[in-house]
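There are 2 protein chains.
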Amino acid sequence: MDITSERRLDDGILEREFTLGEIPGTLWTSGSEPAPLILVAHNNGLPRREPRLVARARHSASHGYAVATIDAPGCGDRPRSAAAEQARADLRRAMKAGEPVDEIFESLVGPLVDDAVPEWRTALDALLELPEISGPVGYSGWTALGIRLAVADPRIAAAGLFAGGYVPRAVREEARQMTVPLLFLLQWDDEGNPRQRALDLFDAFGSKEKTLHANPGGHLGTPAFESEDGSRFYDRHLR
Amino acid sequence: MDITSERRLDDGILEREFTLGEIPGTLWTSGSEPAPLILVAHNNGLPRREPRLVARARHSASHGYAVATIDAPGCGDRPRSAAAEQARADLRRAMKAGEPVDEIFESLVGPLVDDAVPEWRTALDALLELPEISGPVGYSGWTALGIRLAVADPRIAAAGLFAGGYVPRAVREEARQMTVPLLFLLQWDDEGNPRQRALDLFDAFGSKEKTLHANPGGHLGTPAFESEDGSRFYDRHLR
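Note that the protein sequences, when read in sequence, are chains A and B.
With the working numbering, letter number 170 in the first sequence gets 219, and the count goes up by one each step, no holes.
With the working numbering, letter number 107 in the second sequence gets 156, and the count goes up by one each step, no holes.
Only chain A is shown next, with the shape it has when bound in the complex (with noise of 0.2 Å):
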């Protein structure tokens, strides 16, 4: 891992840039203990300085989580493919004239997961080998990646999802082999992800304890008290 550039913000928490070989990434640390881990992802693929995701990654950095996040394939500044910039194009598309969008998601997310799981995988060999971090390991974020990733890697101990966004069957499928304990959030009327699909999501989870909170409002009105929320689910599974 190289650290390319590092910055302290006004909060006093440590941004460090990182490359992995191909992979960028960033890493938010507070304090001088090893802390646990979280990784957060932003759903379908979004670049890693979305300030949504920063904003969420200091907000466990404040709370003494280290946290870091990567792009991976075809998010951010990586090279996107060829069939990922079509299947965006068809999408717009299709949503401008009303037409199914399921098979195109499908084409479009799919391969994205696809990508991702091995790079956030080689990100987390890399980064559990700081002194700065001790585990355990938490995920926050993109459903679709947080599935693969926990039923994939048994360093996941606990994971926050985020209903938001188009989830492929496949990862559908394997929702039901989930063990770890998550919270899944949920906006009741965002406009991009069908609330029964959310909630037959979180009906198939296999996790003993798996616990749903919705709130009224769109996919971007998700109220502040989750944050804290989000926080203490962290804390009873990483601490």
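FYI, nobody ran anything at the bench for these hints, they're computed from the structure.
The beta carbon of each residue, even a glycine, is placed where N, CA and C say it ideally should be.
It is possible that part of the hints are untrue.
With the C-beta cut set under 8 Å, the calculated list includes, among others, these residues of chain A facing chain B [as the list claims (entries may be wrong)]:
no. : residue
1   : T260
2   : H262
3   : N264
4   : P265
5   : F274
6   : D284
7   : R288
Use these hints to put chain B onto chain A, whose structure you have.
Same frame as chain A, now just chain B:
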């Protein structure tokens, strides 16, 4: 209000039994400062001495709230009406026979709610005159009573509702008129509370701030951390 007995519990909480005319009640307080009040009620009129209700009440009292409950008409030691006794017998018979129970619940729970609301308001009048209670007032528990009470009485500032038991049709309609912040706690596999009906009720609540918390398991399986989440909900709205 006549205080009929009092005792200091081992966690320092003062538990006082009172009567208000025919209405028996219990008040739990801790500390010496005037405190906000939480009214705690039980689904379908179970007795106020029921251990789970007492545990919830003491939990809130230990967080600095004054907590009160009453036995409304037909609850606890108070005489049951012949109609309610008949409805309970009909209910047992119908459940055993696997017959529909909606109409029987309607005839049992409808009058229980109708009769309870004026007595809870009488109790609220008296409780708010005590120097140890400053308001504002929260409500916790029985969903059907909580809806009716929050819609009828502007002194209720926040409602934590447990989706257990049958909500009469008239009360379900009133849910749209609710405006106070609410936390709606659902057991995902509650044998006595059809999930879809609870989700429809959550959807119907008129309150701008409404949060659903759902956890797997039956009616009695609510995880302990939900008590803490409940306290933080009240802290946001009653402090």
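Going through the hints against the structure:
About 5 Å separates the beta-carbon of T260/A from the nearest beta-carbon of chain B, less than 8 Å, and the hint is met. Given the 8 Å rule on beta carbons, the hint for H262/A holds: about 6 Å separates it from the nearest Cβ of chain B. For N264/A, the shortest C-beta to C-beta distance to chain B is roughly 5 Å, which falls under 8 Å, so the interface hint holds. Annotation: P265/A was flagged as interfacial toward chain B, and the flag holds, the nearest CB pair being 6 Å apart, inside 8 Å.
Checking F274/A against chain B by beta carbon gives a least distance of about 7 Å; that is within 8 Å, so the hint holds. Proximity of D284/A to chain B is violated relative to the hint, the smallest CB-CB distance being about 10 Å (cut-off 8 Å). The beta carbon of R288/A is not positioned within 8 Å of any beta carbon in chain B (closest approach about 13 Å), and the interface hint is therefore violated.
Comparing the model with each numbered hint stated earlier shows that hints 6, 7 do not hold.
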